[in-house]
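Chemist: The lines below spell out each chain.
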Amino acid sequence: MAVEVRSGFEAILEQCSGLAEDVTYPSVKRWRDSHPGGHAVGHFQVYFPEELIHAAGMLPVTLMGAGSRLEAKQADSHIGSFICSICRTSLELGFSGRVGFLDAFYTTPICDVARNLAGIWGRNFKGMTAEILYLPQNANGKGAVTYLRDEYARVLAELKRISGRPIEEADLRRSIGVYNENRRLLRDLYRIKRETPWLLATTEAYVLAKAGTVMPREEHNEILRSALAEIPNRTGRRQDRVRVVFEGGFCEQPPLDMLQLIEEACYIVDDDLLLGMRWIDQDVPETGDALFALAESYIERSTYSPVQHDDRKPKEEMLLRRVEGSGAAAVILAAAKMCEPGLDEQVAYQKTLEAKQIPFLLLDFEEKMTAFERMRMEVETFVESILFD
Amino acid sequence: MIETKISLTPTPSAQPEPDLVGRGRRDGNRLFKEWYTELDAAAESGDPSAYVFVMGSTAEVLKAFDLNLVFPEINSLQMAVRKVSLDYLNKAEDYGYSTDVCGYVKADVGMHLDGRKHPNGRIPKPSIVVATNMCNTYVKWVEIWQRMYGCKVFVLDIPGQRGIGWSSEPGSEQFENDRRYVQSQLEELIEACVAVTGKPFKIERLQENLAHVNRMAADWSAVLKLNQNIPAPFNAMADGLAYMGVLSAYRATETGARYMAELRQEMEYKVQNGIGTITEERFRLHGVGPACYAYFRRFLELFQEWGAVYVNSEYLAYAGGGLDQGIQFNVERPLESLAEQLLVTGRRSMSNMFFSQDQLADAVRDWKSDGIVYHSVKSCRTVSTGMADSREYLTKTKDVPSLFVESDLVDPRLWSEAQFKNRIDAFFEALGARKAAALNPHELGGFAVSSRGPQQVAAKR
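Just so you know, the sequences run in chain order A and B. All residue numbers for the first sequence refer to the working numbering, where the first residue is 1 and numbers rise by one. All residue numbers for the second sequence refer to the working numbering, where the first residue is 1 and numbers rise by one.
Since the hints were made in silico from the structure, they are not lab data. One or more hints might be untrue.
The list that follows gives simulated cross-link-like pairs (lysine to any residue, SDA-like), each with its CA atoms no further than 25 angstroms apart [said to hold, decoys possible]:
#, chain 1, residue 1, chain 2, residue 2
1, A, LYS142, B, SER337
2, A, LYS315, B, GLN146
3, A, LYS126, A, ARG161
Selected chain B positions facing chain A (in silico; Cβ < 10 angstroms) [to be verified]:
#, residue
4, VAL109
5, ASP178
6, ASP389
With the C-beta cut set under 7 angstroms, the calculated list includes, among others, these residues of chain A facing chain B [as the list claims (entries may be wrong)]:
#, residue
7, SER81
8, CYS111
9, ARG115
10, ILE120
11, GLU131
12, ILE132
13, PRO136
14, GLN137
15, TYR147
16, GLU340
17, PRO341
18, LEU343
19, GLN350
Note that the structure is predicted; figures quoted are calculated from it, not measured. Quick reminder that beta carbons are idealized off the backbone N, C-alpha and C, glycines included.
Whole structure, please, built from the sequences with the hints as guidance.
Modeler: The structure is reproduced here in structure tokens:
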């Protein structure tokens, strides 16, 4: 049974918020109930070509931790002390049986911790495929796209085995079409946030987008279309607020309360939250070899992040472009605690912004944090320093 | 692939040189000093240098262009051993790096901020840097130098094992797909080296280097296996580290190959004559994870005091550039063979970190280890993330005794000797009781009894 889209922006928002933040995954369970014999495949952050799962008639589910909604009781005894929260709570989702509906789990080589998840998952959750999708880390190599196409074919073969059904080229193209539309709708959402942030807050855009990580993308498209149609009717008024870019949410997601407190002081006009959904920033070609099109798009039609090295996309320059493109006056440079790539990149960003004399605020966060008073004060002081400079 | 057959109990050979015992360590120290002297000279002359890592150094290619090899991991380790790492860590943290960032990276950044003045000599600027994906932090690390120096960055991507039970053997379609990808990158690396050095690529130089590695790998593999003997002729965490330093720095050279042959000779002699590393080898340990180099001597002593010897270490497998199994290149088809072996050894090194459980159990059996010591280090999440889980798996499925301790590679602030000692003492108490019970189960009733407790054990060398 498909999720029924509610009418009215606030109702849609409430519906999405419920789906996105509920670590009992009600939408996935509903889907499993209404698809007897159906399969669900989980993947860790940041990017995974969900089109492969979708084309196999399976439900893709993004595992991105559980914030403060789940304590890592069992996971803590399986993982070292110096590990980020998102990996702990993602494992806890497995140990607590909350994602027992999954038939497979994929991680990618985004960092040293994420790669280890495949081994831990495989040792503990028997009967479930637990693999690494080896996305290429030499994005500039002439063989990268062909290699990735072959790697996607390997994953597709495993998905075929699990689903027990053939996956035709037409299935893949259809899925690419569904995901292209999803990415277009998300781009529309971000355009509105950038151009008229008083009509759409980042926390709102965030939950609208995040709902897509736990439901079929066709249904998410319907939700986004309805929400986008309602936004022009909203009555938000423009305020004299500092426009900022939020950078540092590419993997572990900051708590909603943290985003909210930032938004109480400024407009977040662009960000790298839920980056995997928007990694490919143009349409994937719907003609030709579908796997090649997906592989090529990963390399050639994509944005940037601290977990990909690409000489064509120096990350500081990409951040400056994001700042310029969104008309932001300042940057919130966030990094998740214990996140090596994010913390390394934070320094590079900091030095570049200093050189360009663009105001920035460094914030470290954890998805599970619940006390924000100090952070609130830091943000308010930062904004005041810009306004009264 | 040529198989390397190794006798575990070598037959008596010609009379050894009088100073044979300890030669590997002495020569290793000398070679290390010479290597740093060469780097210091390169810093002065401006000769092109390559920054590389111990896992996947591609020395075979880089040395064909006479590039000086700088190993930043070794530099950082040396800072810790020389008790100056904290100074460099502080410099990097003052610059902006978080306390949660890898200590190797920060110590290195501190050194660069300090004008590349290393306690062992000056370090040349990088002309090219090569990182494999075997550690993700390598890739972040090279980006730092790229920003500092604008040097050429090359990321060599080696697809690893995809999951538990997954394999792809040479000749299979899967292996060929991955091998082609690695080979195409090697061709691009060669082009980059030509551009950086202005020298032409000579295939015969690559062939020579591969031949050196073939000799080195055969002897290194033999050296490691000789430690299956009782007593073990060397301590894998202490001596092994020194040997591995030469293995990295002198890989793909005649000097390195000769060193390893002589080391093998020394180890064979020690085995023939029953020479171990301590007076009484009471416990044989398998190490997982590196040591704490900021307190290296103390780290080792805490085990030696109990009569324990590290007979093997996963570290020697993955940080030894994958030569532990004695790979052999086919020098007649150098590039193809190099790509193939990089894939085989790189994959095995990564598997030793991410999917180590079964290989680990086999190694414990083959090296007759009494238990495993897992040392989780904050700086290296590659090796540390899955340790606790792997440990639990082996305890449950194979009943392998183990100890789990945490500190860091180079950050002395993360070392707590009291905590270490308590855990180590408790581990050996239990291990002693277990060994005693295994020898005489009826008398002891299977209950833990106190072993003899820690003692100062004089090293023989």
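Chemist: Does each hint hold? Answer for all of them.
Modeler: A quick look at each hint next to the structure:
no., hint, verdict
1, LYS142(A) to SER337(B), "holds, 20 angstroms"
2, LYS315(A) to GLN146(B), "holds, 12 angstroms"
3, LYS126(A) to ARG161(A), "holds, 17 angstroms"
4, VAL109, "holds, 9 angstroms"
5, ASP178, "holds, 7 angstroms"
6, ASP389, "holds, 4 angstroms"
7, SER81, "holds, 6 angstroms"
8, CYS111, "holds, 5 angstroms"
9, ARG115, "holds, 6 angstroms"
10, ILE120, "holds, 5 angstroms"
11, GLU131, "holds, 4 angstroms"
12, ILE132, "holds, 5 angstroms"
13, PRO136, "holds, 5 angstroms"
14, GLN137, "holds, 4 angstroms"
15, TYR147, "holds, 4 angstroms"
16, GLU340, "holds, 6 angstroms"
17, PRO341, "holds, 6 angstroms"
18, LEU343, "holds, 4 angstroms"
19, GLN350, "holds, 6 angstroms"
In this structure, none of the earlier numbered hints is contradicted; all agree with it.
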